[in-house]
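K.L.:
Okay, here's what each chain looks like letter by letter:
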Amino acid sequence: MTLLQVKGVSRRFGGVRALNDISFDMQAGEIVGLMGANGAGKTTLFSLIAGNVAPSAGEIWFDNNRIDGLAPHQVNRLGIARTFQIVRPFANMTVLENIAVGALYGRGRTMSQHRARERCMQILEEVGLADRSDMLASALTLAGRKRLEVARALATEPRLLLLDEVLAGLNATEARDALDLLRRLRASRSLSIVVIEHVMKALMQLSERIIVLHDGQKVMEGVPAEVANDPRVIKAYLGEKRGAEHP
Amino acid sequence: MSKKTLIETILAVVGVVFLAFAPWFVGAYWLGVLLQLMSWIALTQSWVAFSGLSGYVSLAQAVFYGLGAYVMAVLWQQAPIWQVLLLAGVAATILAVVIGYPALRVRGPYFVILTLGLSEFVKYIVVAIEAATESSGRLLLGTPDPEILYYLLFGLAVIASLLTFWLSRSRWGVGLRAIREDETAAATLGVPVAFLKTGAFALSAFIPGVVGAIWVMRTTYFEPLELFSPALSFSVVTIAIVGGSDQAPGPILGATFIVILSELLWARVPQLYLILLGLLLISFVLFLPRGIYGQISALQSGKRS
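Top line first, the protein sequences correspond to chains P and Y. Residue numbering for the first sequence follows the working numbering, beginning at 6 and increasing consecutively. Residue numbering for the second sequence follows the working numbering, beginning at 15 and increasing consecutively.
Don't take every hint at face value.
Unchecked claim - Below, in silico cross-link-like pairs of lysine to aspartate or glutamate (DMTMM-like), each with a Cα-Cα straight-line distance of 25 Å or less:
#	chain 1	residue 1	chain 2	residue 2
1	P	K240	P	E226
2	Y	K18	P	D139
3	Y	K17	P	D136
4	P	K240	P	E64
5	P	K12	P	D220
6	P	K223	P	D73
7	P	K223	P	D139
8	Y	K17	P	D139
9	P	K240	P	E213
10	P	K206	P	E226
11	Y	K18	P	D136
12	P	K12	P	E213
Rather than coming from a laboratory, the hints here were simulated on the basis of the structure. Predicted, not measured: the structure shown is a model, and the values here were computed from it.
In isolation and in its complexed conformation, chain Y is listed as follows (with noise of 0.2 Å):
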């Protein structure tokens, strides 16, 4: 084990041990900033898995997350949450593979375009019924606590992490890494591309369908436009960026940095928020275009690009 994964293995434990004792001494703000720091990563860590790995840049993560809190809305009280909670991430999956089947026929700006279309579709799709069965907004009482949420988020971050360690170093990892390089190339060398592609699609939907499932009960309230709203796309690639790199400790650096700006920025200069975080993210393009956790990697290793 070389000295850098031994440190970022203890960091990892250490942060772990932190996050799985945190509600018993964290106070009812700083949970509600956990929550949303453990959404993040798992978010970002399931679309590194994909986007990451092999080029495809989704926008598709919106879409998911969003069908996932749909779920788990029409199904309130009328089933064990644990089962609606899978049946959320496997809708989410199904709806990867019917998207990705058109989608990942194109590359590059296409296929961001064709995946932010499919997922305002779908949006919109969801909106007429809403409306059509006159239910538009749907409460959810009795939903359970923050702490409970919060385990269910911090372990659905852990399994992303995890996801994403594993996936980048597999076997189907070298496969979508060889696809984003030259797909051409890796095709002629045997590598079945859109088996790959569709499958490492398909597996990263799954846990933003949960994710939503959970998080629409935290906000007790669905509301279609708000919970597939695309900025939530928009975000997840904002912080895979600031995080950098296509494995795991990317996303939980960034998001991590995210989540702690923004609540710095939201409690001082509200009106100046998004504008010094447009004003970041296009410092890191430009700057530091293989982000924090890329920047440290390349220091350390001190390998030619």
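Okay, chain P solo, but in the shape it has when bound (with noise of 0.2 Å):
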């Protein structure tokens, strides 16, 4: 089944084209990544699809919703999350209230503060804040800061799952023990997922297909091993041996 279509989709922000005309699909299951590199536009993709920015041309369509012009609150209640890049906790709130906000609103809303407690105490169990709960969300470190993004997306009971960079800043072992708790949330919820990530490592290993981004515009798109060998995607990454194209 597709789930998500985006169609021709672009974006400028006063003279600069963010995106141009980017097209693809998506079906209920996968884990696609988004790689490019910074100022590919990647972030901005992510904030038109759950309706942060308004597409200036093209549609979106989530399970057969023309989602695109909708505000972010309509686009999280039919199903889909997003973290962010730049994470943006509530601060002055515990890290059990800030799931809350989630449980209480997103798609899955309970009007039960008591249920919704409940829910999210699982999902600090999941995720492993659970001994954090009651800590203000300013004192978290960057890793748990993180959590709190992905546990709060959690909260809301998403279809779709829009993650940007959960794994920057994070060492190795955090790295690691969080591309295993991606992987067991999607069995465990059957959720699908979009990743962009820097940590080349991962994004290979944790998607089933990889559309690549440059300057706006999609380069290519297909599985791991055949985007990493792509000349065009190691262009966009490298550059061009110098000479190479004047010989």
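Take the two lone chains and join them into the complex the hints point to.
P.N.:
Okay, here's the thing in structure tokens:
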């Protein structure tokens, strides 16, 4: 089943073309990686899908609903949750309260704070923050805040999760734990996931399919092995060998 | 129930019982002071219910109060008082939706200035209407006794306190706090931000509307420039800062502190009253930014911030 369809989406900021005519489909249950250098438009694409920013052109469909132009909370209630690359915790609220916001207002929202708390404690167990549930979010380490972003998104009970660099800034052990966590979550909740990741090894391991963006254009898409060896990708990432084009 | 909640509940019950019987044993002077205290508690509680929780600092409290007073002045002896009181609250609520629709699209200092500007705008519309109908200043004859006004305001202060108490613990309150902390993140987690903000703003306008309608029966004279004075909005913000926190005990402590202090200062050093009050506000902002209640809570729980 096609879960997400992005059709010819563009976004301009003033004169800058952040994204130009991007199209791709995504099946339910897939893990898709988004790859590209800084400024390629990956985060902008997330903002368009999640409703934080409206596209200048094109359409976005999610499970037979047209979602471009909807408010972010409406998109979330249809089943799309995103995390932010630069984490945005509710600093003066406890870890549990942070996550409760998702459980009380997101797609799987409950009106009962008691039930929300129970559900959130379960999520905190899963992501390994249960022992810090009463801490203020501002007191968490960066690794903790990244987990909090994921936990908050999960509390809304999404069908599609957009993860923006949840591994960045983590050390090797933390990153490995986080990858295990994502695999477990996907299996236990039948999630579909789009990941943006700079840690190339992690992206290759996690994704079943990778889409490469460069300067707001889609360069290619394919399975990780294809992408890793594609000359266009190498060019987009590393530039060209001096003199290669003008021998 | 924690020890702190138990103590607070006992204090609240004792306070309510004391205030319920106060008119029997305090003189006219202290009844006047209590009237002030009750209206400041009601005004500040309703402010905290919206601004304290959402972080949108509103200077519109004066316009809701003024409008309530205006409704009472215009309809004086045309309808039963309780109906006019309700109508005053409803009028303020409707005005809040009208003001909130444009104003709640901007944040921070822009919202502050916009609520102040729109309030002044409404004030001068009323001034113009009054001038055009040549009724500048309206006298209200045969207003109820101070004891009755006291019980009205006392009831309102209790309702406003319960409103803040309930709202700050409700699902709605969680949403408003999330908006205060990070509106974009809140929206992305499914919080309908525009709806919650406008709803809370409208709800928090009802009470100052009724307080204004009661207070004009106390002054027995309606003068738009005085009853719509923005000084009221500034005082409410001051009391909220002094009291601290986004929970119900804050405004009660803040209002009590300010009312007692102004009584002491007015009586002894009237020339220095406003200067000392200004210094006090500065010291609170600098040294006790969490206010009286925020400080007490922080000391007790020892929670890191």
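K.L.:
Return the numbers of the hints above that this structure violates; sort them in rising order.
P.N.:
Per hint list: 4 and 7 violated.
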